[in-house]
Every structure is written in C-alpha cells, then in structure tokens.
Amino acid sequence: MPAQLPLEIWTAIISHLPKDNLYKLLGINRTVFDYVMDSLYEEIEYVIEWDTRVVRGPNVKQLKYHPSLAERAKSLRINIPFPASKINYHRGPFVGMVRHVGEKISSKRDTKAMASLTPDSTVASHLTRVERLQISISDPPVYKPFVPYITTFWTCHSSNLRKLYLQFDLPALYTLMSPLMSLQVPTLPHLTEFGFYTYNTEGTWLKLTANAKQIAAMTSWLTSLITSSRVLETLYLVLPEEIDTTHLFTRLAKTPQTGLRSFIFSQSSGKDSFPKDNALSVFLEAHCKCALQSVVLEPLYRASSRKDTLISEKRPYLEWLKESFASLELPSLRVLQIALPAYLGEECYIDSCGKSFLSKASQGLDVLVLVGIAVRTRHIRLLFDSPNPELRKLSLFIEELTPECLEVLAWHLPSLEVLELSFDCLGIEEDPGVIRPLNTKDYDLFTSRLRHFRNTDWSLKYLILKVFDCHYEFPSQLITEPLSDRLPMTTIRIKDTSQDSYFKLEEDEFLNM
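For what it's worth, UniProt numbering labels the leading residue of the sequence shown as 1, then goes sequentially.
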C-alpha cells in the first residue's frame, strides 16, 4: 500500500514530480492521495540549522512545485549553535523536508556566502500551521541574516503556537534577544508550553553583559510573553542574572496561570540573582491554589564547577528552602524535584531548630526527587526525622549504598512503593557515621546485614539501583539474593545512564511507574 511507504520516499518523489501527476503515476484515486498526503505531513518538521560550515534550509525545488509543504509543517526549528560546537546539539530527525543546500565557507564567515544560503524570508509567511517553534541562537554574526526570516514568522503566525522554546547564549544575550524584543509582543491564546533557556557556552564566569535599562527591558518582555497566554500548562525557566527574577515572579504571581501544572526554575549565572522578598514563594502559592502539581527547583546547576562562588550563590537558595518553602501551603503539589547543596554538610538538611526541613516540605507529596550533588551516606538519617505516610516515590543520589540506608528509608517512608537509588559504590558502616567503600572481604558482612533487614512489611514494589563510575564487575548478587524474599521486584541498572536526564520530565519512566 502507498501509505506504508517511508516518509522519506514520499518526499523524494514529491520533490521531483508535480503534484498533479503524482497520484496518476501511483495509480490511486485523487481523494485517497490527498488523504495519504495529509496523514504523512501531519507531524512534519521544518528545520533550519547552521553548524559553522553548512546551513540546512528549505528545498527551493520542493517549494517551487509544492508550496503546500511549508503550509503543512507543524513544527519549525531554527538552530544556530556556538561556532566552536562546545555543546552537543540534538538535531532530531530529518524527514526529507529539508536538504543539504550549504557549502563550505571560510572561517572568516564570508557575508556574501552566508547571505546566499540564508532562507528567503517570504517562505516564512507560508508556515501557517506551525504549532511548535524552537529557536536556539548562540552565534550573533550568523544570526543576523536569519533575523528577517524569524521576524516574518513571528509577526505573521506566532499566534498559532502551542509550544514555544527560546534558547540564547548568555555572553550576547541582549544582542540575541533584541530582534524579537523590537517587535510587538504577540498574543498567544493557544500556548500551553513555554521554555526560556540561557546557557553559558564559555564555561567560565562572566560579568554582566547588560546594563540596568537593558535588564529591565528583557525582564519586562519575558513577563509579557508569558502572560500573553491564559492556557499555559508547562513553564520552563533557566534564567541568567540579566533577568530580574524578583520582578518577574512578582508580576507572574499577580496574574496566575490557572492551568499551570508543571514548573521548572533554574539559573545559569549570577551570585545574587535568586529572587528576593519571597517573590518565588508568592508565585508558587498563587499557582498551587489552582493546578500546579509538579515543581523543579535547581538554581545555578550550570555554575556547579565554579568553586569560588558556589557556596555564596547557593546560600540564599538554601535559606529560602528552610525558612520559607518548607512552610508554604501548596495543596495541589504532588511532584517535587529539588537540589540540595550537600557540600555544606549537616546544615543542608536541618533548620534552625535542628529539625529536618525536608520532612516538613515533603508532607502531602506523591513523588520526591533529589537532584544534583550526591547526599553523603552518613547524612541520610537527616533527610527525614518523622514518618511520611503519603510519599510513594523517592529518587536520590548517595555516595555509598549501605544496608542501613534501606533501613532508615523504610522506617520513615512506610508507604513508599518505588525507590530509585543512584550511587557510586557499595559501602559498609563500621561505626555510626563512619562509612568506607566495600571490599571483597566485606561481602559476607554486607549480605548478612541485608538479610537482617527488619522492615519486612515495607510496601516497596520497585527498587531501582543505578551504579555510577563502576570500574569493576558489580556484585549484584550481594543485593538481589538477600532481598529476594522481601523485595521481589528489585531491578538493577549498572552503568546505564544513557537515558537519564538531569531533571525527570513528564515522560520519564520513574514518574510513570
């Protein structure tokens, strides 16, 4: 059947034959042909990408014969990565919609050569059905010729968008945002998912690249863009110091998105850019009174390698967690993913009264995920100091896995059904708080302690163990055999982190178990 042909074959045929003759060549009814074409192009993606030597753009021949190709596209992705290609950009599937039209140009980036390869901005006016737009810009010189194309689409068809993702390189943030900021903020009545990301591809500490006036302008524009939709369900924000987060969250709290279900907040730079005046708390409370169910909080994870500024940057965030967040009324919140600066020691887990703030903050949750830096095994007793009968899923990263870890978690989380533990190695506790990596001579002791695991009435159904940096054959039988009669659904993943992302997104297997 023609409908079973791969999409690449269909588009290859279409690119060389006028549409009026194609259905005759295939010997099928015109109505059937149109139905098949509509089905094939339903999810087609229109891609423009520059990888410092080659630009991939619209196939002029295809558009000449069949302008409906652009009109059928549901997704538009424009990717102009950093010239040194320091970041591994995912290019996604090319479905024959675009072809290799570029040519090698000199390292000087010949303007004439680039201009000849830049897509005609009038083509953007044909993209009438695009519902998903992703713009990823890191290189200002290459970006400039693309501006007319982007602004044409933004002006004509952005109101149709359901998903919008904007990613800019931090060193030239204001320069990269200016073309869109110069346009009127569109009304996005159908937008349900919005992501704004800034990344520092230089990998070093950068001073502010924008003045106070520019910071105010970028913050105001971003706020207006978010509030232009009243049906937003997902909001991802990875913000730099150049965005005034206090002003942003204060404004967003005044006009809450009543349908917002998922929220991610992180920061890509800035020593003192964590929201002040409890602006983030007010934002979360306003939205949790409505529909907010999933929150990810991990400020400055992109700056984790800068040891000189790390602690001072994390301190305001940690103080906010313990003094404000743990006391918030968040009735609809079910999934919480947070980062704890574990390198700060015990103060990372206990409040000013010596109590575990995480015990209080996790009350009412269904899922808790601790991301980022590993929890020291000797501190696992500080995570919870009172039973939580509601938590069903827990994921955390610890340094060494010991039998006592399971004992502590079983005692405080009696209703836990899914436990995901990531760790570097197995460990043995010689004295309370004194833990060392497991040696072969400790195997019998380790197994014996697991066999004496007392919480036989634990409701745990899945124990997922993920081993990081394991440079030896992992002795999985040390865990599976002693626990076989207590936790029959134990699964172990060894050195398999290929499917893991820093945050657990909605499609993550753990969240859907």
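Treat the hints as calculated values from the structure; they're not laboratory data.
Watch out, some of these pointers could steer you wrong.
Claimed, not checked - Listed below are the simulated DSS-like cross-link pairs for lysine-lysine, each with C-alpha atoms no more than 25 Å apart in a straight line:
(1) 213 x 163
(2) 144 x 254
(3) 254 x 276
(4) 163 x 276
(5) 441 x 466
(6) 213 x 74
(7) 276 x 289
(8) 144 x 276
Predicted model, so just to flag it, every value in this text is computed and none were measured.
So, going through the hints one by one against the coordinates:
1. For a cut-off of 25 Å, the pair hint linking residue 213 to residue 163 is broken: about 29 Å separates their Cα positions.
2. The hinted pair formed by residue 144 and residue 254 fails the criterion: a straight-line CA distance of about 36 Å is larger than 25 Å.
3. Only pairs whose Cα atoms come within 25 Å are accepted, and residue 254 paired with residue 276 is accepted, the gap being roughly 16 Å.
4. A C-alpha spacing of about 30 Å is found between residue 163 and residue 276, which places the hinted pair above 25 Å, so the restraint is violated.
5. Restraint check for residue 441 and residue 466: satisfied, since their Cα atoms lie roughly 23 Å apart, inside the 25 Å limit.
6. As the CA atoms of residue 213 and residue 74 are separated by approximately 37 Å, the hinted pair breaks the 25 Å bound.
7. Simply put, residue 276 and residue 289 have alpha-carbon atoms about 22 Å apart, close enough for the 25 Å limit, and the pair holds.
8. Distance restraint check for residue 144 and residue 276: the Cα-Cα separation of roughly 36 Å exceeds the 25 Å cut-off, and the hinted pair is therefore not satisfied.
Consistency with the previously given hints fails for numbers 1, 2, 4, 6, 8, ordered from lowest to highest.
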